[in-house]
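Those protein sequences? They're chains A and B, same order as listed.
Read in order, the letters of the first sequence are residues 1 to 568 in the numbering used here.
Read in order, the letters of the second sequence are residues 1 to 237 in the numbering used here.
Any given hint might turn out to be false.
Stated by the list, open to error - Here are the simulated EDC-like pairs of lysine to aspartate or glutamate, each with C-alpha atoms no more than 20 Å apart in a straight line:
1) B/LYS233 - A/GLU195
2) A/LYS407 - B/ASP63
3) A/LYS283 - B/ASP63
4) B/LYS233 - A/ASP151
5) A/LYS489 - B/ASP161
6) A/LYS250 - A/ASP48
7) A/LYS33 - A/ASP151
8) A/LYS407 - B/ASP43
9) A/LYS407 - B/ASP96
10) A/LYS371 - A/ASP48
11) A/LYS407 - B/ASP180
Unchecked claim - If you want the footprint, here are the derived chain B segments under chain A, 3+ residues with CB under 8 Å:
12) 49-58
13) 69-78
14) 103-115
15) 118-126
16) 148-156
17) 180-193
18) 210-218
Hints were generated in silico from the structure; no laboratory data involved.
All residues carry an ideal CB built from backbone N, CA and C; glycine is no exception.
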Amino acid sequence: MKRDAEPATNVQADVVIVGSGAAGGMAAFSLTKAGLRCILLEAGRDYDPQAEVNMFAPESDAPLRGAATPDKPFGYFDATVGGGWQVDGEPYTLREGSDFRWYRPRMLGGRTNHWGRHVPRFGPYDFKPFSRDGLGVDWPIGYDDLAPFYDRVERMVGVNGGPIGLENHPDSPPGCLMPPPHPRIPEMLIKAAAEDLGIPVRAAHTAVLTRDMPDAVAPRSACLNATPCTRGCTIGAMFQTTTSLLPMAKATGRLTIVTDAMVSRVTMARPDRAAGVEYVDRKTGLRHTVNARVVVLAAGTGETTRLLLNSGEGGRGLANSSGELGRNLTDSTGASFRAYIPALADRPRYNEDGIGGQHIYIPFWLYQQQKRGELDFARGYHFEIGGRFGIPPADAVPRVWGSALKKAVRTASGATIQLTLRGEMIPNKDSFCEADPVVKDRFGIPVLRFAFRWSQNEVNQVAHGRRTAHAVFKRMGGTILDPDLPPEKIMTAGGEIIHELGTARMGADKRSSVVDGYGRTWDVDNLVLMDGAVFASGAHKNPTLTILALALRASEHLARRLKSGAFA
Amino acid sequence: MTPSRRTTMQWMMAAAAMPLAHWTTPAMAEGVDDAAGAVPSFDVIADWPDIPPPPPAPGYGRDPDLANPQVPWPLTLAAAQRKTVDVLGDLILPKDAASPGAGALGVGAFIDEWISAPYPQQRADRAKVVGGLLWLDAQSHALHNRAFVGIGPQQQATLLDALSVPVPIAKMVAPVAFMDTLRRLFVLGFYSLPEGKADMGYIGDQPTAGAYPGPTSEALSHYAHALGRMGLKMPTA
Numbered sequence: 001m002k003r004d005a006e007p008a009t010n011v012q013a014d015v016v017i018v019g020s021g022a023a024g025g026m027a028a029f030s031l032t033k034a035g036l037r038c039i040l041l042e043a044g045r046d047y048d049p050q051a052e053v054n055m056f057a058p059e060s061d062a063p064l065r066g067a068a069t070p071d072k073p074f075g076y077f078d079a080t081v082g083g084g085w086q087v088d089g090e091p092y093t094l095r096e097g098s099d100f101r102w103y104r105p106r107m108l109g110g111r112t113n114h115w116g117r118h119v120p121r122f123g124p125y126d127f128k129p130f131s132r133d134g135l136g137v138d139w140p141i142g143y144d145d146l147a148p149f150y151d152r153v154e155r156m157v158g159v160n161g162g163p164i165g166l167e168n169h170p171d172s173p174p175g176c177l178m179p180p181p182h183p184r185i186p187e188m189l190i191k192a193a194a195e196d197l198g199i200p201v202r203a204a205h206t207a208v209l210t211r212d213m214p215d216a217v218a219p220r221s222a223c224l225n226a227t228p229c230t231r232g233c234t235i236g237a238m239f240q241t242t243t244s245l246l247p248m249a250k251a252t253g254r255l256t257i258v259t260d261a262m263v264s265r266v267t268m269a270r271p272d273r274a275a276g277v278e279y280v281d282r283k284t285g286l287r288h289t290v291n292a293r294v295v296v297l298a299a300g301t302g303e304t305t306r307l308l309l310n311s312g313e314g315g316r317g318l319a320n321s322s323g324e325l326g327r328n329l330t331d332s333t334g335a336s337f338r339a340y341i342p343a344l345a346d347r348p349r350y351n352e353d354g355i356g357g358q359h360i361y362i363p364f365w366l367y368q369q370q371k372r373g374e375l376d377f378a379r380g381y382h383f384e385i386g387g388r389f390g391i392p393p394a395d396a397v398p399r400v401w402g403s404a405l406k407k408a409v410r411t412a413s414g415a416t417i418q419l420t421l422r423g424e425m426i427p428n429k430d431s432f433c434e435a436d437p438v439v440k441d442r443f444g445i446p447v448l449r450f451a452f453r454w455s456q457n458e459v460n461q462v463a464h465g466r467r468t469a470h471a472v473f474k475r476m477g478g479t480i481l482d483p484d485l486p487p488e489k490i491m492t493a494g495g496e497i498i499h500e501l502g503t504a505r506m507g508a509d510k511r512s513s514v515v516d517g518y519g520r521t522w523d524v525d526n527l528v529l530m531d532g533a534v535f536a537s538g539a540h541k542n543p544t545l546t547i548l549a550l551a552l553r554a555s556e557h558l559a560r561r562l563k564s565g566a567f568a
Numbered sequence: 001m002t003p004s005r006r007t008t009m010q011w012m013m014a015a016a017a018m019p020l021a022h023w024t025t026p027a028m029a030e031g032v033d034d035a036a037g038a039v040p041s042f043d044v045i046a047d048w049p050d051i052p053p054p055p056p057a058p059g060y061g062r063d064p065d066l067a068n069p070q071v072p073w074p075l076t077l078a079a080a081q082r083k084t085v086d087v088l089g090d091l092i093l094p095k096d097a098a099s100p101g102a103g104a105l106g107v108g109a110f111i112d113e114w115i116s117a118p119y120p121q122q123r124a125d126r127a128k129v130v131g132g133l134l135w136l137d138a139q140s141h142a143l144h145n146r147a148f149v150g151i152g153p154q155q156q157a158t159l160l161d162a163l164s165v166p167v168p169i170a171k172m173v174a175p176v177a178f179m180d181t182l183r184r185l186f187v188l189g190f191y192s193l194p195e196g197k198a199d200m201g202y203i204g205d206q207p208t209a210g211a212y213p214g215p216t217s218e219a220l221s222h223y224a225h226a227l228g229r230m231g232l233k234m235p236t237a
């Protein structure tokens, strides 16, 4: 039943922000600090980590020992609320022959509540990929444009790490990073073996505090070296907008947050000027409108794109004169490699919890070989490192029973290691999203339909990664536990790494891109995009730090425009 | 019909007489070659039972109360089946100086909770476990005229040995997969409890203020020796 839209609140907003994750949280923080009144709409429910996170319960308190299920894809205690790979009543569809996974939480703070926390900087090559290898497109900005914002974001969100000192892996200036944690034994062994093969290993950059971060409103504490980060962090050691940017923005008195607000479209004052947005209250089904001088979309790559596709006139979507809206969809490549390392069997026990995830990682190191044409793939990949004490995987335990099984478990605990590949995908014409012409969600909003295909470039990259990982394992005398399958069969599905990017990309002109270097849509001056949709390329580097830096830069640019009298 | 050990031997002799490349059976399509499989020491092998699919059951949903975890689905095992699972738990992970047996520790309750859950992985495991419990009793009856819990320790051990071979013959593929599933579930259920963590010597889940201390000197010494044996250099920093 369609009801007439009615004004949601009496708030007079300068800016309406859609989404409360990394991009929306940063926009709300930056714009309210600049003196602007903001209303933030979040599709999911209200969420307070301090009230809800069960940080210390053992997995044995949970159903199924906390194992992943379709209801809780990353385990029972994982912070994801109301969604996951599926959201009830809000499907998405696939073009025939395509496989794509779309991860959607429905909660204040979005994915920052349960994210991976690995925050490498993009480097100079990553912003000019076309200039380097003739594939894809260049960004309209370069590393030097974003570097000051990387510096500030690292200090704002709290990042630990060390120097990298490698080509296309920029180091942070002094004062940006907190000290990294000591590596664990399996990580140290991987470092020794990899470096013996000429493969570098460095301290990872991780968005977890290793020093207290005082603040009058949202003080955060250094990591207590225990509990799984993806449950959320009641002491604020892991960066989440719900324990940092959002409460700090609220404390200005200039932020209104509305949760359970599923935005359905951007409303227009005239063809080149947005009036605000229309949303559906998830609890009542009522439609409301919010008017503002500027509309910021930070709903996540897929939802931001869907919103634009479902707005505007004539079915072409809003801000799509270039025809690029929905195109250039990428995800990171993914594959995992594992081995049993006899040298780690029965090793002395100690506490390996550390700061949660990896302490060190393998950055991409083959830029010169690639430049000389010695590799059969373009762009890079990195390895994230895993391996700790705990219950060994079933395939590291022999088919025995009785006292032999108990002995085998003790021996194998802490003796398996994992190298997880994350690589860059080059945009291709067969990977995109579009509004489904038929299927609508429970609010009557057309859903997204995805098409996706890896190219030979990505397949060759994963094959190279497997050869590399297995060489490292063999150097350690390891027994490889991976099935012997072609690379196509060991790659993750599109979207599965949850790094979907690029469907409203930025560029130097309105013919080939949806937004400019500040996320401003070429067609609608007061409509600004701030999430992963604006990426012109994905790099192999986890995107959240770059999303935060771009959102900060775009927000400050927007604040200057508003203060100079634009959109009066 | 239950093929006897003699029948199995006849298959094996037939296989040996054939060029291997042409020796294909449905069992081989599953990667199992009777010619290479371990033949059990008993000469009767019970048929694998058909298990009807379970009725639908509720999951815990996408937004459960994390502070008060609840299992909303009904359990599966009858008292006699649960007793068999507990006996199997104490055989698969027996009491020793380091920890109690998995059956005595109550891990059977976790097995029942797991196989009763409405999710795809658990439904697949349910078919293996419920089928396997029926098979195990049928096999015990065929050999010893008693259910599995009523036969002697040596007879139980013979059965579990037959279910733990690296390469089973075709007729034993499903029973061995049952044992694999039970082993995996008992290991998960047992070593996630405090008694199991203590058995592994697991140290963790302890809030520690200040910088992460890293490996102990004993762990570092063990590491240095491992590097030496591999001819690897101690990495810098």
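Hints, one by one, checked against the model:
For a cut-off of 20 Å, the pair hint linking B/LYS233 to A/GLU195 stands: about 9 Å separates their Cα positions. Between A/LYS407 and B/ASP63 the alpha-carbon distance is near 39 Å, which puts this suggested pair outside the 20 Å criterion. For the given pair, A/LYS283 sits about 15 Å from B/ASP63 by alpha-carbon distance, which is consistent with the 20 Å threshold. Between the alpha carbons of B/LYS233 and A/ASP151 the distance comes to roughly 35 Å, so the proposed pair goes past 20 Å and is violated.
Annotation: proposed proximity of A/LYS489 to B/ASP161 is violated, straight-line Cα distance about 34 Å (limit 20 Å). In summary, the hint linking A/LYS250 to A/ASP48 is supported, as the alpha carbons are separated by about 14 Å, within the 20 Å threshold. Between the alpha carbons of A/LYS33 and A/ASP151 the distance comes to roughly 19 Å, so the proposed pair stays at or under 20 Å and holds. Using a Cα cut-off of 20 Å, the hinted pair A/LYS407 and B/ASP43 is violated, with the two alpha carbons roughly 32 Å apart.
Simply put, A/LYS407 and B/ASP96 have alpha-carbon atoms about 11 Å apart, close enough for the 20 Å limit, and the pair holds. Among the hinted pairs, A/LYS371 with A/ASP48 is inconsistent with the structure: their alpha-carbon atoms are about 48 Å apart, more than 20 Å. For the hint pairing A/LYS407 with B/ASP180, the CA-to-CA distance comes to about 17 Å; that is within 20 Å, so the pair holds. Proximity of the segment 49-58 of chain B to chain A, defined as three or more residues with a beta carbon under 8 Å from a beta carbon of that chain, is not established by the 0 residues found.
For the segment 69-78 of chain B, the assignment as covered by chain A holds, since 3 residues bring a beta-carbon within under 8 Å of that chain's beta-carbons and 3 suffice. A stretch counts as covered by a chain when three or more of its residues have a beta carbon under 8 Å from one of that chain; for the segment 103-115 of chain B and chain A the count is 3, and the coverage holds. Coverage of the segment 118-126 of chain B by chain A holds [criterion: at least 3 residues with CB-CB distance below 8 Å; count 4]. Under the rule that three or more residues need a Cβ within less than 8 Å of chain A, the assignment of the segment 148-156 of chain B is violated, with 0 such residues.
For the segment 180-193 of chain B, the assignment as covered by chain A holds, since 9 residues bring a beta-carbon within under 8 Å of that chain's beta-carbons and 3 suffice. Counting residues of the segment 210-218 of chain B whose C-beta sits closer than 8 Å to any C-beta of chain A gives 8, which meets the bar of three, so the coverage hint holds.
Violated hints, in rising order: 2, 4, 5, 8, 10, 12, 16; the structure is consistent with all others.
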